[in-house]
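Line by line, the protein sequences are chains H and E. Just so you know, the working numbering puts 258 at position 258 of the first sequence, and the rest follows in order with no gaps. Just so you know, the working numbering puts 1187 at position 187 of the second sequence, and the rest follows in order with no gaps.
The set of hints was computed from the structure by calculation and includes no laboratory data. Each hint can be trusted.
In the DSS-like style, the derived pairs of lysine-lysine whose C-alpha atoms are separated by at most 30 Å in a straight line are:
#1 Lys1043(E) to Lys1077(E)
#2 Lys1158(E) to Lys1139(E)
#3 Lys1077(E) to Lys241(H)
#4 Lys1100(E) to Lys1051(E)
#5 Lys241(H) to Lys1100(E)
#6 Lys1139(E) to Lys241(H)
#7 Lys173(H) to Lys1100(E)
#8 Lys241(H) to Lys1158(E)
#9 Lys1213(E) to Lys1100(E)
#10 Lys173(H) to Lys1077(E)
#11 Lys1256(E) to Lys1043(E)
#12 Lys1213(E) to Lys1256(E)
#13 Lys1100(E) to Lys1043(E)
#14 Lys1139(E) to Lys1100(E)
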Amino acid sequence: MSKPTSDGAPSPTLGGTMEEHDLAAAPAGAELTAPVQRTMADSVPKGRSEQFGGWLRLIRGRGALEIGIIFVLVQIGCVVAYLMAPDSFPYLSGANFNVLSQSIPVLAILAIGAGVLMIAGEFDLSLGMNFTLCALVFIHWYSDGNVLGAFVVTFAMGIGIALLNGVIVTRFKIPSFIVTLGMMLFWDGAALFYNGSSAARMQRGETLQTIFAGQVGPFRGQVVWLVLVAVFFWVLMHRHKLGNHIFAVGGNESAARAISINPTRIKLIAFGILGLCVALASILVAVRTQSVQPGTGRGMELQAIAAAVVGGVSLRGGKGSVLGMVLGAALILVLQDILLLSGAPGFYLNLFIGAIIVFAAVFNRLIEGKAE
Amino acid sequence: MSMSAPSGQNGADMSTSAPEPTGEVLLELSGITKRYGPNVCLKGVGFQIRKGEVVGLLGDNGAGKSTLVKIMSGVVKADGGDYAWRGRNLAAPTRQETEKLGVETIFQDSALVPSLTITRNIFMGRELTNALGLMRLRKMDRIAADILDSVVTIEGIKSPRQLVGSLSGGQQQAVAIARAVHFKRSLLILDEPTSALAVRATEALLAYLTRLKGEGVSSLLVTHNLHHAYEVCDRHIVMNHGRKILDTTREQTSVKELTAAVVEGELGLQRYRQSPT
Ligand SMILES: Nc1ncnc2c1ncn2[C@@H]1O[C@H](COP(=O)(O)OP(=O)(O)OP(=O)(O)O)[C@@H](O)[C@H]1O
Ligand SMILES: [Mg+2]
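Generate the whole structure from the sequences, applying the supplied hints.
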């Protein structure tokens, strides 16, 4: 039945169980020679180029392709500008590399936490205050000489605060926006209560510096942490079944429940992931700056959510990519950097950043509309 | 039959003349009630589904069919009544429990995730993974493509990697069906699975239900197309305003009787029995 036709039509791969009534569906021009049955099995990518095509299709409509293109274009623009005027626009200078490679990882890790939670269909506005509290707790415990305890308590704190939000949100079915808004204020106050209003300082520890803030080639060591975190969560979200369930719960909660996925469990895991990212980011900052103020994390939640949105994470849940979150964070900070390098006054930075966020949201909405 | 005869009809002579259905009783519901606020939507419904039986669940809009389906699959809890699986009483099972029993449902409001691919939807909750829990996406893609080609024969789906949100209503229904049929289950519940399917896909699905029967899989088909139901179902249950008004085998009924029961309820059924024209 699957004899190659004389005109060299591709020999069909039979699905084995194909029913006979496929004749009507055979492409025109192949009617009488042999019923060329184009099954979908053919379209599972096999060759290298097909694989690439499949990969492109895979990230299409998930935001990562578009943000990736924009990111590359911005980078090219920056490099060209640097080559033309290296003195007035020192983009590729060591100092600038240093700044970017210590700020991007922190925001990107927070964006991954916020983004994963957004994919699950929830928000956490208390992320910034959680961050502050974690950094303060780390510094205090570390300064008391309990290094191991500092790590344990910081991670327990970060995950615990996020999980508490998760429990309230899922148990009482309240929108996470309002719960975490309240919690944001609560933990802001708690940070002041715990630490007082002055900055908390810690001694410089060489091992700690090497691990969390060392120099790796032209970059700061935080970049290595970002790569580790990003790869781990990329695999988890896009290749592991848990990630699949997180997407399902955010994309259609009642569907997920009908397939016997437990949405409460999945959402709690997503809140936990956010807590983990917050704790790690707070340690990176605490070790590098060695001094943290109770107000350090204010506004951080909005930046992290903005980075995720710029990176193509849908505000309605169920859509987004880890690569997009990282690129979103990088793009925001690179654009901020460009403004600073080109001498824009610092006060007005928010004006540009805000415009970028709105633009990105509109842009992603347009793309979403096209993909649907 | 062990079940109480449905109210308001001559169920007694039915059970004497009918060839007693063989096969073990898989699911037995009795006295199921459910209300939404003041609206009582199931008023004590009971019936059995035997192994390898195709049962049609019919009735007008709002009769309570989908609610019953949701109770059977455990996504909605009944207010009262019994749910027995292979003779074992389970009170009100959750979806997780019915999943373990092997109950698979295609819901009317198709429960798909639009932002994920066809493959990921088909395998949702039952991903093929390696020991670390990482999904074997290529294998899943291949199987997904195969099911869609062989069972539901739907037109116009190009690749199992398409996002479900980008499919037409009928194509989405096909994906929901593909998901339900792939995993060998003991009871397949289909709530209006063909309402958006074209002729060819519908026929393929109905043929598939008959084939499943041969493999000992029971199915419950909810449909508004009485001809389809009459064609493939061994037994028909007609609901009307939250009550079961007819429970009969194919041999004993006709499309006409089913139509009378669905359209005009008990009154129509009585009128039909007086003058079956
Ligand atoms: N979640 C709900 N909340 C309130 N009322 C509901 C709910 N679900 C169903 N109902 C009511 O219960 C009754 C039965 O609904 P059901 O969906 O079971 O009907 P159906 O027989 O499946 O109808 P159709 O053929 O139109 O799908 C209807 O009157 C409906 O309004
Ligand atoms: Mg219904």
